[in-house]
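A.B. asks: Protein chains in written order, with numbering that gives the first Met the number 0: chain A, 0 to 165; chain B, 0 to 236.
Hints were generated in silico from the structure; no laboratory data involved. Glycine is no exception: its CB is placed at the ideal position from the N, C-alpha and C atoms. One thing to keep in mind: the hints can contain errors.
Where chain A lies over chain B, by a calculated footprint (3+ residues, C-beta under 8 Å) [what the hints assert, rightly or not]:
#1 19-29
#2 86-95
#3 104-118
#4 205-211
Pairs of lysine-lysine residues, derived as DSS-like cross-links and limited to a Cα-Cα distance of at most 27 Å, are as follows [claimed, not checked]:
#5 A/K117 to B/K106
#6 A/K22 to B/K236
#7 B/K12 to A/K32
#8 A/K32 to B/K11
#9 A/K45 to B/K12
#10 B/K234 to A/K5
#11 A/K45 to B/K234
#12 A/K21 to B/K236
#13 B/K199 to A/K104
#14 B/K12 to B/K34
#15 A/K22 to A/K159
#16 B/K236 to A/K20
#17 B/K76 to A/K128
#18 B/K80 to A/K132
#19 A/K159 to B/K86
#20 B/K236 to A/K32
#21 B/K85 to B/K192
#22 A/K117 to A/K159
#23 A/K20 to A/K159
#24 B/K199 to A/K128
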Amino acid sequence: MGDIMKTIIHDLDESYDLLFKKKYENVIFANGKYAPCQGCFGCWTKHPAQCYLKDALQTVCRQIGKAEELIIITENCYGAYSPAVKNVLDRSIGVSTPFSTYRGKQMHHTLRYGRKEKLTIYTYGHITKEEEKTFRYMLERNAINYGFREFEFHYLENLKQLEEME
Amino acid sequence: MMKTVLINGSPKKRLSVSSYLLGIVGLLVKGEVVKEQVRNSGDYERILNSLVDADNVVFGVPLYVDGVPSHMLAFMKEMEKFCVEKKIRLRLYVVSNGGFIEGSQNKALMQIYENFCKHCDFEWHGGVGIGGGVMLNVMRIMFFAYAGLFVLNTITAGLTAALPIFAEQLFVILFFSCAAILYCLRMGFAVNKGAGYGVKFTRILLPSFLFILAADIFFVIISIFQGGIFRGWLKRK
Ligand SMILES: Cc1cc2nc3c(=O)[nH]c(=O)nc-3n(C[C@H](O)[C@H](O)[C@H](O)COP(=O)(O)O)c2cc1C
Numbered sequence: 000m001g002d003i004m005k006t007i008i009h010d011l012d013e014s015y016d017l018l019f020k021k022k023y024e025n026v027i028f029a030n031g032k033y034a035p036c037q038g039c040f041g042c043w044t045k046h047p048a049q050c051y052l053k054d055a056l057q058t059v060c061r062q063i064g065k066a067e068e069l070i071i072i073t074e075n076c077y078g079a080y081s082p083a084v085k086n087v088l089d090r091s092i093g094v095s096t097p098f099s100t101y102r103g104k105q106m107h108h109t110l111r112y113g114r115k116e117k118l119t120i121y122t123y124g125h126i127t128k129e130e131e132k133t134f135r136y137m138l139e140r141n142a143i144n145y146g147f148r149e150f151e152f153h154y155l156e157n158l159k160q161l162e163e164m165e
Numbered sequence: 000m001m002k003t004v005l006i007n008g009s010p011k012k013r014l015s016v017s018s019y020l021l022g023i024v025g026l027l028v029k030g031e032v033v034k035e036q037v038r039n040s041g042d043y044e045r046i047l048n049s050l051v052d053a054d055n056v057v058f059g060v061p062l063y064v065d066g067v068p069s070h071m072l073a074f075m076k077e078m079e080k081f082c083v084e085k086k087i088r089l090r091l092y093v094v095s096n097g098g099f100i101e102g103s104q105n106k107a108l109m110q111i112y113e114n115f116c117k118h119c120d121f122e123w124h125g126g127v128g129i130g131g132g133v134m135l136n137v138m139r140i141m142f143f144a145y146a147g148l149f150v151l152n153t154i155t156a157g158l159t160a161a162l163p164i165f166a167e168q169l170f171v172i173l174f175f176s177c178a179a180i181l182y183c184l185r186m187g188f189a190v191n192k193g194a195g196y197g198v199k200f201t202r203i204l205l206p207s208f209l210f211i212l213a214a215d216i217f218f219v220i221i222s223i224f225q226g227g228i229f230r231g232w233l234k235r236k
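Next up, chain B with everything else stripped away, as it sits in the complex:
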């Protein structure tokens, strides 16, 4: 049976975009699917051992400063040593996401993974770089909020009243997120076939000037709640 290890490279314990995207990739992947997360060196041994009999690895990583987060680079160096020594050959796929709207800002990150594959003698099977990751996450969270409201609405006002509202909300969410979701699902197909996926970029389907406006509003709200806006938000420190 084919074994695929999904490795989440976000440091966040909960609600990371990377875990969301890996979840979508994993939906259609056949065979044994193992989910892992690298947060510190304590995770290495467990994850490396799960690679021994694996066929595919899918990394889900956030874009940090135009590249791979440092804790992930540290893990990759260990993974290289381990896999070269044990002659483990894998097919590698990557799904990455950045906060900025342009998916192509993930390009350097993809090259880093391609270089990594050469060191490890892995098959570089490509990846997708997604722009607007934070908004993707907001959409996901809103889905659950809307679903909750839908249930409440159905109880109080009946299904015929509640359904059109929910359908519209669902449409908006799916509209903005659909490219990212479809690209991830397609990666699942490629994994099943053991085929190359190529390097692709996609994004939240919103024009960038509107996205920037949305991002600014988002950070103002968060910074009011967390207080940063009153502590020299934009000032030199």
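Chain A on its own, in the form it takes in the complex:
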């Protein structure tokens, strides 16, 4: 079991951030203010599970890795995550180790924190049919990459739906 039940990553605003923080122990606000990954692999080869960039995302991989369930709330961007949310994911490859293995019949890295229950995506904003297909496909890929046993995709017609989220 993970040490944390649920981790939430979202790119909404301060008021949603407060709302989520009341309900969940571990909320990561992707506010678009953090520097992007520099591609150095230092979080594997130099200082495991830690980014050399010293900001709030420095050890974000630990918050994600320790959670049984990851919930991502993101604006749709060409059938993918918004840049702000994607930045959090790019900065968190320390969830895996530099060691490689087969998973889902393809090459992937072994998982520092082991396999996890569930990855759920809630996306909002304009989305086309093709983009939804891309997003669902990428979610499936991400679930294998991160070692989630299950995954779910939801489109939010209205952000108000989030207020009823468990």
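Once you've looked at the hints, dock chain B with the ligand against the given chain A.
C.D. replies: Only chain B with the ligand this time, still in chain A's reference frame:
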């Protein structure tokens, strides 16, 4: 004259695989060829202005978490705004590479670029997704090391002694890298004709179990040098 802008989406200042691959694509491209790199928002204005009179754009991007790196997505949103407003229509090609051996792991990334083209009203002309990018880079660096040794060998032992050794080394490098190189060269032809390239996947020509072994050895060596192996390399943190 045809103008092609090669946009490197790797955050690395030097020796990125993406710049290597774009370099190969650009070798045969005719007309004006401009090389750009997106590293932060300070680069946007310069790059966007170079698109005003361009015909083709080739993106060279690393695969990050099964998709496009975040700083590149941010740039693409700006590019969409700029090009839609200025009614700039381009032909778009993509060459992407991932660390994992299967080229097909780049599939979602290609779809993202296809979706992007619809937003911008660009012609999606396809791309190639390459597996084993890091090894491609190691091969490139080894080429220069071997070439250096060849020169030394020629000076000390003579050309007839040095040449067979270098030829063999060159053969090995070319063998593993040839599919990736040929696919990139072919993209150059497609760009020249303004033709569609389709979506293709290729890789380093090594069976995956050997590739995994090589990747593991590679990371052990790097992690010994950088010290990570002594700092809880595989541990929960
Ligand atoms: C944050 C991050 C995420 C990555 N995710 C993947 C991935 O999902 N699949 C993959 O095959 N490679 C992945 N890689 C490996 C890179 O694609 C690979 O190292 C590539 O060669 C980098 O290209 P560049 O030198 O042009 O930056 C990732 C690398 C980083 C830094």
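A.B. asks: It remains to establish, for every hint, whether it holds in the given structure.
C.D. replies: Hints and how they fare:
Residues of the segment 19-29 of chain B with a Cβ under 8 Å from some Cβ of chain A number 0, which does not satisfy the need for three, so the listed coverage is violated. Taking a C-beta to C-beta cut-off of 8 Å, the segment 86-95 of chain B contributes 0 residues in contact with chain A, too few for the three needed, and the coverage statement is violated. Under the rule that three or more residues need a Cβ within less than 8 Å of chain A, the assignment of the segment 104-118 of chain B holds, with 11 such residues. Coverage of the segment 205-211 of chain B by chain A holds. Counting CB-CB distances below 8 Å, 3 residues qualify, and the rule asks for three or more.
This hinted pair checks out: A/K117 and B/K106 have alpha carbons roughly 23 Å apart, not beyond 27 Å. This hinted pair checks out: A/K22 and B/K236 have alpha carbons roughly 25 Å apart, not beyond 27 Å. Between B/K12 and A/K32, the direct Cα distance comes to roughly 22 Å. Compliance with the 27 Å bound is thereby established for this hinted pair. Between A/K32 and B/K11 the CA atoms are separated by roughly 20 Å; this keeps the pair inside 27 Å, and the hint holds.
Our distance criterion of 27 Å between C-alpha atoms is met by A/K45 and B/K12, whose separation comes to about 19 Å. Between B/K234 and A/K5 the CA atoms are separated by roughly 21 Å; this keeps the pair inside 27 Å, and the hint holds. Annotation: proposed proximity of A/K45 to B/K234 holds, straight-line Cα distance about 13 Å (limit 27 Å). With a C-alpha separation of about 26 Å, the suggested pairing of A/K21 with B/K236 holds against the 27 Å cut-off.
Distance check on the hinted pair: B/K199 and A/K104 sit about 20 Å apart at the alpha-carbon level, within 27 Å; holds. With a CA separation close to 13 Å, the supplied pair B/K12 and B/K34 stays within the 27 Å bound. The suggested pairing of A/K22 with A/K159 holds, with an alpha-carbon distance near 15 Å, which does not exceed 27 Å. Distance hint between B/K236 and A/K20 is fulfilled; the C-alpha atoms sit about 23 Å from each other, no more than 27 Å.
Taking the CA atoms of B/K76 and A/K128, the gap is near 19 Å; set against the 27 Å cutoff, the hint holds. A threshold of 27 Å between alpha carbons decides the hint, and for B/K80 with A/K132 the separation of about 24 Å falls inside it, so the pair holds. A distance of roughly 36 Å separates the Cα atoms of A/K159 and B/K86; the hinted pair therefore is violated under the 27 Å criterion. A threshold of 27 Å between alpha carbons decides the hint, and for B/K236 with A/K32 the separation of about 25 Å falls inside it, so the pair holds.
For the given pair, B/K85 sits about 25 Å from B/K192 by alpha-carbon distance, which is consistent with the 27 Å threshold. Distance restraint check for A/K117 and A/K159: the Cα-Cα separation of roughly 23 Å lies within the 27 Å cut-off, and the hinted pair is therefore satisfied. A threshold of 27 Å between alpha carbons decides the hint, and for A/K20 with A/K159 the separation of about 16 Å falls inside it, so the pair holds. At roughly 23 Å between alpha-carbon atoms, B/K199 and A/K128 fall within 27 Å of each other, so this suggested pair holds.
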